[in-house]
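Protein chains: 2
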Amino acid sequence: MVVRTAEAFRKKSSIDALTGHRVERIDSAAGRVTGQGPDGKAFALAYDRLLIATGAEPIVPRQPGFDHPQVAVVKTLEDAHAIKTRLATGAVKTALIMGMGYIAMEMAEALRLREVSVAMVKPRAELLPWLDLDLAATVRRELDAHQVQLYTGFDVARIDGGQRPLAVYDTNGTSLSADLVIVATGVRPNSALADAAGLQLGPAQSIAVDRQLRTSNPVIYAAGDCADAFHVVTGQRAWIPLALRANRAGWAVADHVCGKEVSLQGVAGTAVFKVFDLQVARTGLTMAEATQAGFAPAAVTISTSSRAHSHPGATPIQVHMVGDKRSGRLLGTQMVGREGAAHRINAPAVALHAAMTVEQFSQSDLAYAPPFGPTWDPLLVAANQLLKKMKEE
Amino acid sequence: MVVRTAEAFRKKSSIDALTGHRVERIDSAAGRVTGQGPDGKAFALAYDRLLIATGAEPIVPRQPGFDHPQVAVVKTLEDAHAIKTRLATGAVKTALIMGMGYIAMEMAEALRLREVSVAMVKPRAELLPWLDLDLAATVRRELDAHQVQLYTGFDVARIDGGQRPLAVYDTNGTSLSADLVIVATGVRPNSALADAAGLQLGPAQSIAVDRQLRTSNPVIYAAGDCADAFHVVTGQRAWIPLALRANRAGWAVADHVCGKEVSLQGVAGTAVFKVFDLQVARTGLTMAEATQAGFAPAAVTISTSSRAHSHPGATPIQVHMVGDKRSGRLLGTQMVGREGAAHRINAPAVALHAAMTVEQFSQSDLAYAPPFGPTWDPLLVAANQLLKKMKEE
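Protein chains in written order, with the numbering used here: chain A, 12 to 404; chain B, 12 to 404.
These aren't lab readings, by the way, just hints derived from the structure by calculation.
A few of these clues could be false.
Pairs count within a copy or across copies, as identical chains cannot be separated in the list.
To be verified - Keeping only pairs whose Cα atoms sit at most 30 Å apart, straight-line, the calculated DSBU-like set for lysine-lysine is:
{"no.": "1", "residue 1": "K23", "residue 2": "K86"}
{"no.": "2", "residue 1": "K52", "residue 2": "K23"}
{"no.": "3", "residue 1": "K22", "residue 2": "K399"}
{"no.": "4", "residue 1": "K23", "residue 2": "K402"}
{"no.": "5", "residue 1": "K400", "residue 2": "K271"}
{"no.": "6", "residue 1": "K86", "residue 2": "K285"}
{"no.": "7", "residue 1": "K22", "residue 2": "K400"}
{"no.": "8", "residue 1": "K336", "residue 2": "K271"}
Isolated chain A (complex conformation) (with noise of 0.2 Å):
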């Protein structure tokens, strides 16, 4: 994570950075915002370009109990030196973490390190609802392997802070307790002040941007977490709130305020994790995204080496492909192994942005030697399999 001070910003860039303005209004009319300084004195500033880049903030349950000082967010640097100093005290020997997903999965396998118990819960049934069922087992085989436990189903009604350890009950009357809660139940996107000022929204209330960053109102920007983006299969708006997305819409807001030609492409939806010693990762659209999205999907789970056969030190990797009956085009990828995961993932993603079909990627030159591979590489193997699948259904 970068951090720089306002005063960073002011002396390196001549960037006033007004740190401690709350905006309150978009007066897009009037071309400013209006708000709260912080001498609680109202402050008003005109524009000519807005760009509103408030990113996302934590979903944090509204249910009694959240308040608890043993209750932690991860969401700032913050947070998470708040949650490292708790640690540090030794008081910490269990923790319970809400929510399944990436930043859930850090934080178990942090914990773990640390020789914290570990339990997870959610409300749903399924891990890794965006996995293929066979690539979320071997996930869940590491999480036990590490002695994290898994709580699906559980969905939390109450924490009770009175007592030490806290308990936290589920709908259903069930507790569990633990010394540290922490929430990473996904975020959403700050985009009240868009929405009062008439913007248009876009998936899960982000606000929706065109390829140049505009909002509905062609003068205010919006990017970050805080904004929508065109998902480069379905050609559809997604909300998909990662780091590089975020960035490069930063970037792109500056050139074309500048004057430079700006079209982005969008979002694969590319994404990684590591979850203690494996690699999960994913590009595309899952087989349930294909089919909302009006695809005639078909898929494959394969399993195979990470190494050439005869290599010592080579472990299972697991590749799941999704393509599309109709058009034959490659619909997404997912992938699950100790090695040589987090890196294949971006071909497949590459290929998305080309709209390749299966048949092309299956003929892709993929680099091949024993220690990072077999000869015909796991995604050949998958595409080779899934285009099978698709002349046969």
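Could you slot chain B onto chain A? The hints should help.
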């Protein structure tokens, strides 16, 4: 390496594999091959379709001394076993490797791991002439760090096997001594039979084939290291004898002979090798190859981090990227790093198959997580800088 016996072919696949039969002539007018069987008796076999899969053979210099038993080539499994057996005796303290290609590098590593002193020699001045100079310098440092001595400009004139250790002389009379000499100076296609049968030859005397693997005689196919392929960037014939291409061509011949539709896209020149702790990868064209093929190339070389800067264990990763100033197309990419180079190269490889521009590639939604790379993947950093350079020039 996969080894199957003739017996297994007979039993499992009903394929009559006639080992010990040397084909000496293709009589394409009569549709038959003739030669000598194991007992020295002549044989003749008729064909409807013929596949030439004669592979490639190591180039062994004709200078005096190369027939000495302490001079070894590395092509077959037997060659490797023979070297291993020799090493096991403990009599090999020093080895001299002729050549500095993939095989030579892998041999250098294998020998150093067994604590044999290693010197590598080649006549030309460049360590890896196809690799950008900055990236090649990193490889040289890695070899230095592992006490591999490099003698470029050393053109072997003869080996004096009368001495123990052997004395290897260059054309200037300088000599190096070694207990074992390993010849890894590349391979040449076994195309003499095809040539004698009047079949068209391609680059480096390989057998020219079309996208269905047919030679200039449409009932005769050629596949594997003996045959050429089309290069997806130049559209021209290329001879790049690597395992995936050879394997894919074999399957394609079988498909085509059986009446399936086949049209191979060709090769992107993707390759990777490991030398000690370094991964060295390439795809597409070098600056020199791009100029040669009629492009107007520009290139950048960048160095960035293999992980997010805050992440422990990050190491440098270098990317060299080549684009065409006229069309904007991505032409090639090279990478060197301790992690993340081998599999990352597949993303630009796919982009080459899709004939993407550098601008399109620069917009790819590549995976990001701190353990696996910076927010802007090294490939994107290179693409962004190359884009800038292509616009300026």
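Exercise for the section: List, from low to high, the hint numbers that the structure doesn't satisfy. Expected result: Those not satisfied: there are none.
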